[in-house]
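Number of protein chains: 2
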Amino acid sequence: MKAWTNKNWGPEYTVDKTLNDVTADEYDALVLPGGVINPDKLRTNDEAVRFVKDFFDQGKPVAAICHGPQTLINADVVNGRKLTSVKAISQDLINAGANWVDEEVVVDEGLVTSRTPEDLPAFNKKLVEEIKEGIHV
Amino acid sequence: MKAWTNKNWGPEYTVDKTLNDVTADEYDALVLPGGVINPDKLRTNDEAVRFVKDFFDQGKPVAAICHGPQTLINADVVNGRKLTSVKAISQDLINAGANWVDEEVVVDEGLVTSRTPEDLPAFNKKLVEEIKEGIHV
Chain H
1 MKAWTNKNWG PEYTVDKTLN DVTADEYDAL VLPGGVINPD KLRTNDEAVR
51 FVKDFFDQGK PVAAICHGPQ TLINADVVNG RKLTSVKAIS QDLINAGANW
101 VDEEVVVDEG LVTSRTPEDL PAFNKKLVEE IKEGIHV
Chain C
1 MKAWTNKNWG PEYTVDKTLN DVTADEYDAL VLPGGVINPD KLRTNDEAVR
51 FVKDFFDQGK PVAAICHGPQ TLINADVVNG RKLTSVKAIS QDLINAGANW
101 VDEEVVVDEG LVTSRTPEDL PAFNKKLVEE IKEGIHV
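Here the protein sequences come in this chain order: H and C.
Numbering of the first sequence is given in UniProt numbering, commencing with residue 1 and proceeding in unit increments.
Numbering of the second sequence is given in UniProt numbering, commencing with residue 1 and proceeding in unit increments.
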């Protein structure tokens with residue numbers, strides 16, 4: 001059994017702020033984790049979708065992995081973007097106008113995407129690069 | 001807690017046949033149940049997607065509830081069809097060309113869809129109607 005299917009998710013973190021407490025202005029970048037259930041809920045929360053969209057409107061890096069890009073569909077920000085995701089949602093991203101490719105990590109003007117937890121090393125590396133570029137601009 | 005969120009799924013059934021054993025010719029109708037994980041796997045199985053598509057090609061009733069319609073997206077059978085689903089995947093169905101509506105049950109020429117387990121009584125009633133109509137034709 002692979003590490004990411006046996007609930008060995010690593011350390012737990014306490015939520016420090018909720019959507020009501022924050023705006024995109026206060027952050028340098030956004031990471032949308034995956035999981036089958038998490039993005040499925042997040043994409044139905046209009047306030048969360050608006051928060052995600054704000055990062056794109058402000059040109060800040062956004063990273064999404066596995067099912068994370070589902071929320072990007074509802075934020076209406078994938079049309080014309082090159083990206084990847086877990087295979088199960090590839091057709092949904094294509095139908096939303098994305099140029100979907102099967103690669104371990106894709107960077108398209110600040111949008112960093114990967115497919116599965118196995119891609120995490122490449123995903124994290126590119127995400128850090130994008131954040132550093134953003135901060136130095 | 002609602003009955004359908006506390007794992008009280010009712011009786012379990014043993015799988016009697018797998019995809020390798022069957023063709024759509026042998027059945028009068030197809031039911032695609034929901035769940036967040038089940039259709040997410042099913043839609044990536046090309047043989048399963050082909051099996052689903054065969055029911056549409058043969059004009060047989062197909063019923064899908066909750067996340068069940070995700071597999072219909074991959075079978076490329078929702079374009080121009082009126083249907084419903086769990087809210088989380090509504091944008092994916094719209095992007096695939098469906099006329100998505102928020103109703104407890106929708107019937108469109110043999111395609112029966114509902115949103116959540118709370119819609120099951122209406123869903124089951126319409127499904128039975130469609131099967132009976134199909135058999136008597």
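Among the clues, some could well be false.
Copies of the same chain look alike in the list, so a pair counts if it fits in one copy or across any two.
Stated by the list, open to error - Here are the simulated SDA-like cross-link-like pairs (lysine to any residue), alpha carbons at most 25 Å apart as the crow flies:
no.	residue 1	residue 2
1	K87	N38
2	K125	N20
3	K87	V31
4	K87	T18
5	K87	L19
6	K87	N20
7	K87	G35
8	K132	E109
9	K60	G10
10	K87	Q58
11	K82	T18
12	K17	V105
13	K87	V49
14	K53	G10
15	K17	N99
16	K17	A122
17	K125	D46
18	K41	A88
19	K17	N79
20	K125	E47
21	K41	E129
22	K17	N45
23	K87	D76
24	K17	E103
By construction, these hints were calculated from the structure, which means they are not laboratory data.
Fill in: Homomeric proximity label, K41 with E129: Cα distance no greater than 25 Å
Classified as neither; 29 Å inside a copy, 33 Å across copies.
Practice prompt. Evaluate K41 and A88 at a C-alpha cut-off of 25 Å and name the case that applies: within, between, both or neither.
Written response: Classified as both: same-chain Cα gap 17 Å, cross-chain 7 Å, threshold 25 Å.
Discussion item. At most 25 Å between alpha carbons: which applies to K17 and N45, within, between, both or neither?
Written reply: Intra 16 Å, inter 39 Å, cutoff 25 Å: intra-copy only.
Worksheet item: Between copies, within a copy, both or neither: which fits K87 and N20 at Cα up to 25 Å?
Response: between (33 Å within a copy, 23 Å between copies)
Worksheet item: Is it within, between, both or neither when you check K125 against D46 at 25 Å Cα-Cα?
Response: neither (30 Å within a copy, 33 Å between copies)
Discussion item. At most 25 Å between CA atoms: does that hold for K17 and A122 within a copy, between copies, both, or neither?
Written reply: neither (28 Å within a copy, 41 Å between copies)
Discussion item. I want to check one pair: K125 and E47. Are their C-alpha atoms no more than 25 Å apart within a copy, between two copies, both, or neither?
Written reply: neither (29 Å within a copy, 37 Å between copies)
Item to complete: Evaluate K87 and L19 at a C-alpha cut-off of 25 Å and name the case that applies: within, between, both or neither.
Response: Only across copies: K87 and L19 sit 21 Å apart there, 29 Å inside one copy, limit 25 Å.
Worksheet item: How would you label the pair K125, N20 (within, between, both, or neither) given a Cα cut-off of 25 Å?
Response: neither (30 Å within a copy, 43 Å between copies)
Worksheet item: Given identical chains, is K87 near Q58, meaning Cα to Cα at most 25 Å, within a copy, between copies, both, or neither?
Response: neither (29 Å within a copy, 28 Å between copies)
Worksheet item: Is it within, between, both, or neither for K17 and V105, if the alpha carbons may be no more than 25 Å apart?
Response: Intra 29 Å, inter 39 Å, cutoff 25 Å: neither.
Worksheet item: Is it within, between, both, or neither for K87 and N38, if the alpha carbons may be no more than 25 Å apart?
Response: This pair counts as both: shortest intra-copy Cα distance 17 Å, inter-copy 14 Å.
The structure is inconsistent with the numbered hints 2, 9, 10, 11, 12, 14, 15, 16, 17, 19, 20, 21 and 24, although it conforms to all the rest.
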